[in-house]
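Here the protein sequences come in this chain order: A and B. Counting in the numbering used here, the first sequence runs from 5 upward without gaps. Counting in the numbering used here, the second sequence runs from 646 upward without gaps.
Hints may be right or wrong, so weigh each one.
To be verified - Computed beta-carbon distance windows for the label pairs:
#, chain 1, residue 1, chain 2, residue 2, range
1, A, 124, B, 692, 20 to 28 Å
2, B, 668, A, 137, 25 to 33 Å
3, B, 706, A, 228, 55 to 63 Å
4, A, 163, B, 678, 23 to 31 Å
It should be emphasised that the hints constitute simulated quantities derived from the structure, not laboratory data. All residues carry an ideal CB built from backbone N, CA and C; glycine is no exception.
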Amino acid sequence: MTSAVFTFALSLADDALVLGHRLSEWSSYAPTLEEDIALSNLGLDLLGQARLFYTLAGDVEGKGRDEDRLAYFRDASDFRCIQLVQLPKGDFAFTMARQLAYAAFMQPYLDALTRSTEPRLAEIAAKAVKEMAYHLRHAAEWVIRLGDGTEESRRRMIDGVAAVWPYAGEMFEMDDAERALAAAGIAPDRTRLRTTWDYTVGRVLREATLDLPDAAGQQSGGRHGRHTPHLAPMLTEMQSLARAMPEATW
Amino acid sequence: MTTTTTTPLWEVFIRPRSGLPHKHCGSVHAADAELAVQAARDVYTRRGESVSIWVVPSAAIVASDPNDKDQLFEPTASKIYRHPTFYDIPDEVGHM
């Protein structure tokens, strides 16, 4: 069970770190100054969540690996993040579509995780769930305005949703180890969040006057180390400084 | 998507934790009121400064004319008796 908790905390951390890094790539490129700061804020929220989950994973593992070891000194094949978060940042509409899909899942998921029988997971979730409620609100407002906006914003929003949806299904997947954690009350049951997620994204897309995609597709494999080609180059860049100067502090 | 001159400007007021009144802190560009609140939250409350946000369309602010400053403000300069420094305030009243 200890090894299952390690893998579980690690996969939550990897999701948050990689998506947080994708958001940080908007710094100085966002459409407006206000949104530049907003996207940095969202990225920093996720980075903060990643740090807590990595630290917990390292403690559970008991081999002396701290958050930096886990974030900067593992190769792509050892990462356990879903493929959705790996995709390049795309345009602003794609980023908002992904934020909507992710936050509409993670907000209720973290809420469920606050009731985990593992108190350290519950504590992290209690902090993160409030952040994710804002991520959901932020993304929803933008999707509504871009979808129901100009011809160009609508076209981009349709493309963004179409690009994101095939990858959304992986958020609901669980392997045997995670199912055992769910049975023990340590991890939430991902499959039970389907109705909530469908309702949330459906409400937003309808208000955005966009068609609801048939179903979240099943592009997956990230939890088992089968990644998109986009993850490795991103990690190489993100990890380069820490690997070049392993003793550096800042 | 670029900010054009048609993206409205909003004045932002935030209320600090101390319970003091809302105070003007700056402005943001946003397409509508909801996004203005979000932008204000992200730009001006990142360090826990606030428990409440007001946004007001900048166009709705009515300002005094700088050319009127003599008639509006100059006359008060000679009325120092309006300052409360002439009165003894009991210690129990505390900070006013």
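How the hints compare with the structure:
1. 124/A - 692/B: 20 to 28 Å: Holds, at about 27 Å.
2. 668/B - 137/A: 25 to 33 Å: 26 Å, holds
3. 706/B - 228/A: 55 to 63 Å: 58 Å, holds
4. 163/A - 678/B: 23 to 31 Å: This hint holds: roughly 28 Å between Cβ atoms.
Every hint from the earlier list agrees with this structure, and none is contradicted.
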